[in-house]
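Residue numbers (my numbering), protein chains in the order written: chain A, 12 to 280; chain B, 209 to 485.
A portion of the hints provided could be inaccurate.
What the hints assert, rightly or not - Below, simulated BS3-like cross-link-like pairs (lysine-lysine); rule was C-alpha separation at most 30 Å, straight line: (1) Lys-277(B) <-> Lys-266(B); (2) Lys-160(A) <-> Lys-388(B); (3) Lys-240(A) <-> Lys-46(A); (4) Lys-155(A) <-> Lys-388(B); (5) Lys-75(A) <-> Lys-277(B); (6) Lys-46(A) <-> Lys-155(A); (7) Lys-277(B) <-> Lys-252(B); (8) Lys-75(A) <-> Lys-46(A); (9) Lys-266(B) <-> Lys-254(B).
Keep in mind the hints are simulated off the structure, nothing from the lab.
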Amino acid sequence: MEDASIAAAPLEIECSDLEVRFSAHVPVLERLSCKFPAGQIVVLLGRSGCGKSTLLRCVAGLQKPTSGGVRLSAVGGQGHQGRVGVDARPRMSFVFQEATLLPWRSAIENVLLPAELDRGLAGVGRDDARQLAATRLEEVGLEKQEHHKLPRQLSGGMKMRVALARALMNDPDILLLDEPFAALDDILRNRLNELLLQLWSHRPRTILFVTHNISEAIFLSHQIAIMHKGRIGQQWINPLPFPREHRLRSTPEFSHCYGVVSSALESLS
Amino acid sequence: MRDLRRADNGSSLFANRWIVSALPPILVFLLMVGLWQWTVEFWKLKPIVLPSPAAVWKAATEKESVLIKGMLATGAAAGLGLVSSVVIGSILAILFSQFRWLRLSIYPYVIFLQTVPIVAIAPLLIIWSGNNLRTIVIIATIISVFPIIANVTAGLLAIDRNWIDLFRMHGASRWQSLAKLRIPAAIPHLLVGMRISSGLAVIGAIIGEFFVGNATSYDGLGSLMTQWQSQQRTAHLFAALVASTLLGIAFFLIVHLLGRTVFRRWTMAVDLESYDP
Numbered sequence: 012m013e014d015a016s017i018a019a020a021p022l023e024i025e026c027s028d029l030e031v032r033f034s035a036h037v038p039v040l041e042r043l044s045c046k047f048p049a050g051q052i053v054v055l056l057g058r059s060g061c062g063k064s065t066l067l068r069c070v071a072g073l074q075k076p077t078s079g080g081v082r083l084s085a086v087g088g089q090g091h092q093g094r095v096g097v098d099a100r101p102r103m104s105f106v107f108q109e110a111t112l113l114p115w116r117s118a119i120e121n122v123l124l125p126a127e128l129d130r131g132l133a134g135v136g137r138d139d140a141r142q143l144a145a146t147r148l149e150e151v152g153l154e155k156q157e158h159h160k161l162p163r164q165l166s167g168g169m170k171m172r173v174a175l176a177r178a179l180m181n182d183p184d185i186l187l188l189d190e191p192f193a194a195l196d197d198i199l200r201n202r203l204n205e206l207l208l209q210l211w212s213h214r215p216r217t218i219l220f221v222t223h224n225i226s227e228a229i230f231l232s233h234q235i236a237i238m239h240k241g242r243i244g245q246q247w248i249n250p251l252p253f254p255r256e257h258r259l260r261s262t263p264e265f266s267h268c269y270g271v272v273s274s275a276l277e278s279l280s
Numbered sequence: 209m210r211d212l213r214r215a216d217n218g219s220s221l222f223a224n225r226w227i228v229s230a231l232p233p234i235l236v237f238l239l240m241v242g243l244w245q246w247t248v249e250f251w252k253l254k255p256i257v258l259p260s261p262a263a264v265w266k267a268a269t270e271k272e273s274v275l276i277k278g279m280l281a282t283g284a285a286a287g288l289g290l291v292s293s294v295v296i297g298s299i300l301a302i303l304f305s306q307f308r309w310l311r312l313s314i315y316p317y318v319i320f321l322q323t324v325p326i327v328a329i330a331p332l333l334i335i336w337s338g339n340n341l342r343t344i345v346i347i348a349t350i351i352s353v354f355p356i357i358a359n360v361t362a363g364l365l366a367i368d369r370n371w372i373d374l375f376r377m378h379g380a381s382r383w384q385s386l387a388k389l390r391i392p393a394a395i396p397h398l399l400v401g402m403r404i405s406s407g408l409a410v411i412g413a414i415i416g417e418f419f420v421g422n423a424t425s426y427d428g429l430g431s432l433m434t435q436w437q438s439q440q441r442t443a444h445l446f447a448a449l450v451a452s453t454l455l456g457i458a459f460f461l462i463v464h465l466l467g468r469t470v471f472r473r474w475t476m477a478v479d480l481e482s483y484d485p
């Protein structure tokens, strides 16, 4: 409702024969094919070095695959070029392991950055953009008086919230997160997971989330792609219903899922 | 209550720390001056060899207005030199950061320029540019431009990989990356460069004035020094030495102040980061 831009249909992500090699012998991704449904939260789970971050970077277009490709398409089955009313490039945002805020910009100025760079938001006026940035910050739980603080005056959790707000600034069709909460303590991580689900239910979009934390993966996902040695070993459909709240983590169903996923992860290695 | 107490402790701690850090150098200074005075009196040294601190003080007060004018003249030349080296150095650094081939082909000569002793170029510059303020500013610029080029180039190029990816994700143009990422990220490096260059610019101006001498009506500290040296007025030379030191300190403080005011956001982000637990 508060979105100044056109709400686009969620995009489906399809990888076909994706291969990435940094050296001649060991591939980081090996002939990987997969399909992630539109508007869902997919978690890429696996040990470090299994290629999950590389897959995410391929989808983001930050990593050029050695061969194969990534196709993003609207639910109708058209390629993203066929979309109406929006620029040809699908809008994507990336959240990094660290908040990567620009230290000389205040929280709200950091959130404004995509509006200054993205041509897709060029039509939005400066005051409107500022208003939108303030709304985004409130959505992630930053009080008004914190909007003008510099990153170094914010705690680690707050910085990550600002990074989330920044990623949502351009109302992306696809949100990519690379172990965003790995550096935070458990309580903070749980809270931010709940926030992420809240934001998703407010405006469902395709989310790819990389983690090596099993319980985080189960709490967030519609499905989990368990990765091992550059391939997707298993795509596990999460049976837990939405909406999900904090207490879900202490239910027997959750523990059951934890057992299933961890043994699947175990059996792959 | 607790907060108040903590704030209190904090400020008294700060005051204590200030005393601890300022007192020893002040004591050493007084001791040195005392020792100096005593040495001159005890060995009955000729004032032409080593004047006593009292004699230096007398010379300084005697020539107060000349010295202040000299400081202002030299300060103006050094200031102009510093400003032009910041402008020229930053422009060169931006070009180096944007064009690899330029960096590879020109940068070695920039380093070469650094190794040429400035005293060897100064006479040439006087032939080309004349006995005037312009020549002095050029010398101050040449001597102080290298730290700016080196630091700003490094700052423009050493950008966090994630930031570059972030800008790529949002389709930033090369110009946008330069204006909104590289240049702001290089500001702390510019300040480091300026801190070094501010001292060098003062040295450059004084060297320039040595060569320009008192051939003109121009009388900066360097000109005064050559003049007094020829008259063997050692006490006056010492006074000029103190004045030039004060000028150097003033320049350093101005750059420091710039970091605390105009570029506060940057120095806050960088200086205090190391204090983070």
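Structure-based check of each hint:
no.: 1; hint: Lys-277(B) <-> Lys-266(B); verdict: holds (18 Å)
no.: 2; hint: Lys-160(A) <-> Lys-388(B); verdict: holds (19 Å)
no.: 3; hint: Lys-240(A) <-> Lys-46(A); verdict: holds (18 Å)
no.: 4; hint: Lys-155(A) <-> Lys-388(B); verdict: holds (25 Å)
no.: 5; hint: Lys-75(A) <-> Lys-277(B); verdict: violated (64 Å)
no.: 6; hint: Lys-46(A) <-> Lys-155(A); verdict: violated (40 Å)
no.: 7; hint: Lys-277(B) <-> Lys-252(B); verdict: violated (33 Å)
no.: 8; hint: Lys-75(A) <-> Lys-46(A); verdict: holds (19 Å)
no.: 9; hint: Lys-266(B) <-> Lys-254(B); verdict: holds (16 Å)
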